[in-house]
Amino acid sequence: MTIIDVRDLTRTYTSGKHKVEAVRGISFTVDKGQVVGFLGPNGAGKTTTLRMLTTLLKPTSGTAIVAGADLHADPLGVRRKIGYVAQSLGPVGSGLIVDSLVREELILQARLYRVPRQEAAARAEALIGQLELTGLEDRVVKTLSGGQRRRLDIALGLIHDPLVVFMDEPSAGLDPQSRYNLWEHIRRLRAERGTTVFLTTHNLDEADALCDRILVIDHGRIAAGGTPDELKDWVAGDVITIAVHDDVEAASLVLSDGPSVRKITAEENRLRLTVEQGKQALPTLLRLLDSAGIEIESINLSRPSLDDAFLTLTGRSLRDDTAPAPAAAPVPAQADT
Amino acid sequence: MAFIQDTLLLFRHHLRSVMRNPTWMIVGIIQPVMYLAFFGPLLTSIAGKGIPGFTAANAYNFFVPGLLVQLGLFSTAFVGFGIIADWRAGVIERLRVTPASRLAILAGRILINVLGLVIQSVVLLLAGLAFGLRAPVAGVFIGLGIIAIVAVSLAALSYTVGLLTKSEDVLAPSVNMLILPLMLLSGIMLPMTLGPGWLQGVARATPFRYVVDAIRSSFAGNYANHLLLEGICVSVGMAVVSLWLAGRVFTRLNA
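Protein chains in written order, with this note's numbering: chain A, 12 to 348; chain B, 492 to 746.
Don't take each hint at face value.
[Claimed, not checked] Straight-line C-alpha distance at most 27 Å; calculated DSS-like pairs for lysine-lysine:
(1) B:K657 - A:K28
(2) B:K657 - A:K30
(3) B:K657 - A:K69
(4) A:K69 - A:K92
[Stated by the list, open to error] Chain B stretches covered by chain A per the calculated footprint, using a threshold of three residues with CB under 8 Å from any CB of chain A:
(5) 505-511
(6) 584-593
[Unchecked claim] Derived CB-CB ranges, DEER-like:
(7) B:G738 - A:K30: 27 to 37 Å
(8) A:D85 - B:E659: 32 to 42 Å
(9) B:N512 - A:A137: 21 to 31 Å
(10) A:D85 - B:V732: 23 to 33 Å
(11) B:V732 - A:G205: 45 to 55 Å
The set of hints was computed from the structure by calculation and includes no laboratory data.
Ideal Cβ positions, reconstructed from N, Cα and C, are used throughout, including at glycine.
Given the sequences, and given the hints that come with them, work out the whole structure.
Now the structure itself:
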């Protein structure tokens, strides 16, 4: 069942005389209960897309149905069904929420979704436990550390048990243990509640470990989409390294007839094969060598990393972007309607 | 109604937060009380001497209404800073993606500001009473009502500018540049009728002039005159325009 259906969505910002096409016509669908990773370098259009899908930004053109509600015709219907965890933001300053407590914020957020008071309190309690906020319930929000603040942001986005959750770089600023905990939480949401999670990330390990599907966005366009494995296959194929005892050239000849072998390079007694479906091809390759009477010393199968895939797709490495950006004002672009 | 329900939810939430740290209220009241103590006595020597416009028999009946307006100006015109801080912390967007009425986000905050101002005003009135203010209770309530309506419009405008510019560096000078001349032209310290014709003319074109006159009139117990009517019309008119403007900014999709 499709829960997000995006058609030709575009967004153009005007700053002075310049027109910036942040999103240039993207279309995709997301099935219910999927965890989808939106992957792309800084400025690719990830946050702009997310802000459009969460009714914070009006699309320049295009349509989208989110959780059964049309973005244009029924933005309130969208808001009722979704949760949103914004990008990690600046510190809590001297606004009105300075002196409110962690628990109060959670309950208010639930109450704004019309969750009854008692249930709101119960959900706040449950999320406080699940997101390692225990002991911080009665702390004033402004005194939280960056990581604690981030976990509160995530709890606030989940408090009303939304059908679809949009998360903008949810794990940015979390330590490895909290990050792992967050992944577990997202997996549980999917397994136990069938929640659809749409997250942007810079972190390839996160995309690989967590996402059922990945959409790669670059320069405001969807560059590729598929499961993490599909993306890796599509781009590079697997690498099999076989070391043989003696006749490397004979082995090379035998293997070149093997299934889906794209490329073979020989180096000393080792052969490096690029193979489309490494796992499936491996038994056949071994059988070929065996029947030719070639003795194998060692064998290694490795998957290309998502970074390889990303590099091939966009010509840019994501790793360059993984350094945490300084806490800046969120999306300063002043949009015209 | 969803709007009222959400407004009350947010109002109560903000109230708890504000009550936890009420220092700002005390800070806001210090300035007008100082004026009352260190400037008010100077006026007592010129009261009742037939100076045009200075008709109040009692200097404090003249001066306290002016201080009320000054308090109203300074305690609500800068509330936009709060919304910039909350916006930067992601609070505003977090509220905007909920199904809560976007107008309630504005209304909940304005109610808090008005409540704060009314409390401060009562403190100022009590201090005025100690110095010698003598005004009918009904007149004082009318005055408080007018000042509350003025607070609504100023808070709404401040939030509008804050949310549009999202920059303290823009908000601070623009508010200062507006508030100071408007305050001086409203005749808080001395009657505007003392001034030359051109100054009176300029003052006639500014809103708080009418507000101060209306509150002075009600403090004097004169309810059925054009001054009170003008003051009420000006403050209500300003509130309607400001709320309409703020409502547009708060409900539009791209703010």
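Flag every earlier hint the structure violates by its number, smallest first.
No numbers; nothing is violated.
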